[in-house]
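Visitor: Listed below are the residues making up each chain.
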Amino acid sequence: MDLTPNDDQIAFQTATADWCRDNMPLEQSRARPTGLWAEVEAMGWTAMTGAELGLDHATEALVFAELGRVLAPVALLSTAVAGRWTGVAGKVALALEAGSGVRLLDSEGATHALGLIDGAIGWFAIDDAVEAVDSLDLSSSIARIDRPAGVERIEDPRAAFHLQLLAAAFAVGCADAARDMAADYARVREQFQRPIGWFQAIKHMCADMAVRSAVARSQLYFAACALDEGDVELPFHVAAAKRLAEQSALENGGDNIQVHGGIGMTDEAYPHLCLKRAHLLKFVAPVEDAVLLAN
Amino acid sequence: MEISFSSEENHFREECRQWLEANVPSERRPHDAADAIDFDKAWQRRLFDAGWAGINWPTEYGGRGLSIVQQVIWLEEYAKAHAPWIGANFVGNNHGGPTLILNASDEQKAYHLPRILKGEAIWCQGFSEPGAGSDLAGIKTMGRVEDDEIVVNGSKIWTSFAHVADWQELVLRTEEGSQRQRGLSWAICDMHAPGITIRPIRKISGQTEFAQVFYDDVRIPIANVVGGLGNGWKIAMSTLSFERGTGFIAEQVKHGQRIEELIELARANGMIKDDRIAGSLAQMRAEVAAVRAMTYRNISEVVRLGQPGPEASVIRLFSAELGQRLERMGVLLRGGDILDFRYESGDEAVGDYLRGFAATIAGGSAQIQRDIIGERLLGLPKSR
Ligand SMILES: Cc1cc2nc3c(=O)[nH]c(=O)nc-3n(C[C@H](O)[C@H](O)[C@H](O)COP(=O)(O)OP(=O)(O)OC[C@H]3O[C@@H](n4cnc5c(N)ncnc54)[C@H](O)[C@@H]3O)c2cc1C
Numbered sequence: 001m002d003l004t005p006n007d008d009q010i011a012f013q014t015a016t017a018d019w020c021r022d023n024m025p026l027e028q029s030r031a032r033p034t035g036l037w038a039e040v041e042a043m044g045w046t047a048m049t050g051a052e053l054g055l056d057h058a059t060e061a062l063v064f065a066e067l068g069r070v071l072a073p074v075a076l077l078s079t080a081v082a083g084r085w086t087g088v089a090g091k092v093a094l095a096l097e098a099g100s101g102v103r104l105l106d107s108e109g110a111t112h113a114l115g116l117i118d119g120a121i122g123w124f125a126i127d128d129a130v131e132a133v134d135s136l137d138l139s140s141s142i143a144r145i146d147r148p149a150g151v152e153r154i155e156d157p158r159a160a161f162h163l164q165l166l167a168a169a170f171a172v173g174c175a176d177a178a179r180d181m182a183a184d185y186a187r188v189r190e191q192f193q194r195p196i197g198w199f200q201a202i203k204h205m206c207a208d209m210a211v212r213s214a215v216a217r218s219q220l221y222f223a224a225c226a227l228d229e230g231d232v233e234l235p236f237h238v239a240a241a242k243r244l245a246e247q248s249a250l251e252n253g254g255d256n257i258q259v260h261g262g263i264g265m266t267d268e269a270y271p272h273l274c275l276k277r278a279h280l281l282k283f284v285a286p287v288e289d290a291v292l293l294a295n
Numbered sequence: 001m002e003i004s005f006s007s008e009e010n011h012f013r014e015e016c017r018q019w020l021e022a023n024v025p026s027e028r029r030p031h032d033a034a035d036a037i038d039f040d041k042a043w044q045r046r047l048f049d050a051g052w053a054g055i056n057w058p059t060e061y062g063g064r065g066l067s068i069v070q071q072v073i074w075l076e077e078y079a080k081a082h083a084p085w086i087g088a089n090f091v092g093n094n095h096g097g098p099t100l101i102l103n104a105s106d107e108q109k110a111y112h113l114p115r116i117l118k119g120e121a122i123w124c125q126g127f128s129e130p131g132a133g134s135d136l137a138g139i140k141t142m143g144r145v146e147d148d149e150i151v152v153n154g155s156k157i158w159t160s161f162a163h164v165a166d167w168q169e170l171v172l173r174t175e176e177g178s179q180r181q182r183g184l185s186w187a188i189c190d191m192h193a194p195g196i197t198i199r200p201i202r203k204i205s206g207q208t209e210f211a212q213v214f215y216d217d218v219r220i221p222i223a224n225v226v227g228g229l230g231n232g233w234k235i236a237m238s239t240l241s242f243e244r245g246t247g248f249i250a251e252q253v254k255h256g257q258r259i260e261e262l263i264e265l266a267r268a269n270g271m272i273k274d275d276r277i278a279g280s281l282a283q284m285r286a287e288v289a290a291v292r293a294m295t296y297r298n299i300s301e302v303v304r305l306g307q308p309g310p311e312a313s314v315i316r317l318f319s320a321e322l323g324q325r326l327e328r329m330g331v332l333l334r335g336g337d338i339l340d341f342r343y344e345s346g347d348e349a350v351g352d353y354l355r356g357f358a359a360t361i362a363g364g365s366a367q368i369q370r371d372i373i374g375e376r377l378l379g380l381p382k383s384r
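The listed protein sequences derive, respectively, from chains A and B.
In case it helps, this note's numbering puts the first sequence at residues 1 to 295.
In case it helps, this note's numbering puts the second sequence at residues 1 to 384.
Source of the hints: derived by calculation from the structure; they are not laboratory data.
Hints are not guaranteed to be accurate.
Unchecked claim - Here are a few chain B residues that face chain A, going by a calculated C-beta distance under 10 Å:
id, residue
1, Met1
2, Ala34
3, Glu301
4, Ser383
Stated by the list, open to error - Listed next, with one range per pair, are the computed distances between beta-carbon atoms:
id, chain 1, residue 1, chain 2, residue 2, range
5, B, Ser6, A, Ala15, 28 to 38 Å
6, B, Ser6, A, Pro157, 26 to 36 Å
7, A, Asn6, B, Thr59, 49 to 59 Å
8, B, Lys382, A, Asn6, 32 to 42 Å
9, B, Tyr111, A, Leu53, 32 to 42 Å
10, A, Asn6, B, Gln108, 20 to 30 Å
11, B, Gln108, A, Ala11, 39 to 49 Å
12, B, Glu8, A, Leu53, 31 to 41 Å
Cβ atoms here follow ideal geometry from the backbone N, Cα and C, with glycine treated the same way.
Just need the whole structure built from these sequences, with the hints factored in.
Guide: Pasting the structure below:
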């Protein structure tokens, strides 16, 4: 038993964080430069989870938490799962069930889409003509299509756990980003001749954000190992990780706006980007209470 | 990263399980500290004789010299087996002993550590005073140095198990006129010494488990000071790091047992059909899992780095508040039956619920923990 990253894992994590800081910062998330996806592919993040590399899920979770922290494109989730389970190369959009239809997220330049459909991972070809518009999450476009006819299913339940785990990792990163943004602001913004972080009402709100982040991250590590090791309680642990991660992202997202005051309400400032991403992630491989209560 | 244990550790777990199955007492731990003391001492002795006391303490002082991971395995099996609460042996085992191991002289260690492990010596913690709780540096209990003795006058309060204790971790001011963190010492005080008066205090759950202690010219040999005169603040911080860190692993592990009992109870009485109840049980089950993951992470950091990482302070706060929510749910699921609770009724569900309010007060309140997290983890400006 060891729930701390080893040296190799730390190296992956640090390399991802460094690259993201220089090339894919959160501040750019609503208008990523064209060609970013090609760069991401060139850096190997999409191939990382492919069959040839066979990277362990624990390392993958660490990397995806870093990607999630900068609100990286959500199609990285579906592309990673496709890379391991379908053999489809290139960008794969994220599909979310929506009543009788399907929502496609981040579909520009994608040839296929993948998501949880009728209880299993399903994937299908998409045509170039789908018309995508802005979504709540300003980093991602959205397109609504009818339920496609030729959905290929992956019956192995580990594929769905894989998507749920990566979405949890993205949410952990998103919660961390909101926590850090709030703490950074609380250290420098002054009112009543003091940094607002001096006031306990703000300090304790930030502390609660740190607690949520730590709780979610710990369970993420446990769930990633459970997937690597084929733990008997795997469905529960991945669901718990996803539930805690999406909640921490949502609640930290809201608290971050509160800590920022008026500027937190502006389109121009960054806090709302984390909150909106958190709402999106909640719909990726959503968690049912029944799974958390199952024997 | 991995969650599997080594085969040696799995073997150890099996040993723990078998021994506990055969040895956990069938009679319940008595309700009140004064009655429970014989029970606590006898149980500690039995643990010691079978090699289950001080699992990760050095062998030269009666411990087993095993790893902290094995200590956690033991505690997990201990909770699963419904073994008795550690009770009066909490302070000695969980922070008094560890403070001595890290800071005391060889003589002090050789005398005290084996006695703690054998259940021969009960320890208590004399930190808080009527005027100094959260603000520990505000303590006033005075120790005048006279030759090779300290003559103590003052008072401590909320001292758990004081009335049944043999020894005390006593933090006092040994430099006349010193302020705040300076001029303090951490001394081993003999609770049977002349000049000590103890006034037991009853809790909201009915147990008389803590007390106010008065010191009237109590003489403590200077040889009983740990870490040197005037270094009390540093040693007290070491004690608190054990108390707030690894000292509460047993509590964290116990949540795992508790949530399963609650789900079972809600299924049995049909209340799980209420979506709000099912939803909060589901939520708490996920959180209990995360507490285990956090504990494992914390332990892994101790193993890898020699000390817990900065997030250790988060576990204590989260686990304490989660424990309170679990107990509140326990009470909710019991319906109107809780109204039949009397101090003497020994109804543990209600007793644990009431006693559990202390989890966010004792050992540093939730507010103080949030300050610490905000300041040390997030670098926010110090308010105190
Ligand atoms: C069951 C139990 C067992 C205990 N056992 C022991 C023991 O064995 N040995 C021992 O030495 N002590 C013991 N204590 C004492 C415990 O450590 C203190 O109660 C605790 O530190 C709080 O101090 P206080 O009671 O003086 O409350 P106060 O410090 O007066 O606090 C009252 C309230 O004010 C809040 N508060 C205080 N300062 C601040 C601040 N700066 N910012 C925001 N809020 C603040 C607190 O959080 C609390 O809610 C025990 C307490 C309990 C309840």
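Visitor: Now, for every hint given, state plainly whether the structure supports it.
Guide: Hint-by-hint comparison with the structure:
no. : hint                           : result
1   : Met1                           : holds (4 Å)
2   : Ala34                          : violated (38 Å)
3   : Glu301                         : holds (6 Å)
4   : Ser383                         : holds (5 Å)
5   : B:Ser6 x A:Ala15: 28 to 38 Å   : holds (30 Å)
6   : B:Ser6 x A:Pro157: 26 to 36 Å  : holds (28 Å)
7   : A:Asn6 x B:Thr59: 49 to 59 Å   : violated (30 Å)
8   : B:Lys382 x A:Asn6: 32 to 42 Å  : holds (35 Å)
9   : B:Tyr111 x A:Leu53: 32 to 42 Å : violated (59 Å)
10  : A:Asn6 x B:Gln108: 20 to 30 Å  : violated (39 Å)
11  : B:Gln108 x A:Ala11: 39 to 49 Å : holds (45 Å)
12  : B:Glu8 x A:Leu53: 31 to 41 Å   : holds (32 Å)
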